[in-house]
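*Asks:* Reminder that position 114 of the sequence shown reads as 140 in my numbering, one-by-one numbering, no gaps.
Just so you know, not all the hints are guaranteed correct.
So the derived label-pair ranges between C-beta atoms look like this [unchecked claim]:
id : residue 1 : residue 2 : range
1  : 152       : 117       : 29 to 37 Å
2  : 49        : 151       : 30 to 38 Å
3  : 84        : 49        : 12 to 20 Å
Calculated directly from the structure, the hints in this document are not laboratory data. Please read all numbers here as calculations on a predicted model, not as lab measurements. For each residue, glycine too, the CB sits at the ideal point set by N, CA and C.
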Amino acid sequence: MTVLAATRDYLTAARDLIADPARFRTWILAADDDGGMVSPLGDAAGYCVHGALQHVTGRRDWQNADWMTPGGLASVLYGTAASMFPEMAGPDVLGNINNILGHAAIMGLLDAALAVTEAELILAGEALVTV
27 MTVLAATRDY LTAARDLIAD PARFRTWILA ADDDGGMVSP LGDAAGYCVH
77 GALQHVTGRR DWQNADWMTP GGLASVLYGT AASMFPEMAG PDVLGNINNI
127 LGHAAIMGLL DAALAVTEAE LILAGEALVT V
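All chains, please: the whole structure from these sequences, using the hints.
*Replies:* And the structure:
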């Protein structure tokens, strides 16, 4: 599997995990049914975007793992976030979008990052669907 294909799969899995607003959290990586903090690496009642990404990658350091890899998860997400929400820029742009702008903004970001990744896959001849 290529880096871009893995990025697409991680983005899709994270998006699926928090698509239901009832499973989306702010200011906490992962929470149980009572709102208590739990590890994002295990099952939880809800996740913030960072927690969802940790959960689907199985890594607490997902953003450091491929930061400099073209087409990698971190470079695609942070690049898309900076482009879409320049006012949220900073070292934790994803957290800022998650905690300040909320669920709709995070879903829009994940959708846009998926579109960027899919476009790169098409150009590389690796798209899931060809027309």
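*Asks:* Against each hint, give a clear statement of whether it holds in the structure.
*Replies:* For each hint, the structure was consulted:
Between residue 152 and residue 117 the CB atoms are about 31 Å apart, so this pair conforms to the stated range of 29 to 37 Å. Distance hint check: the CB atoms of residue 49 and residue 151 are about 35 Å apart, consistent with the given range 30 to 38 Å. Roughly 18 Å separates the CB atoms of residue 84 and residue 49, a value that falls within the hinted 12 to 20 Å.
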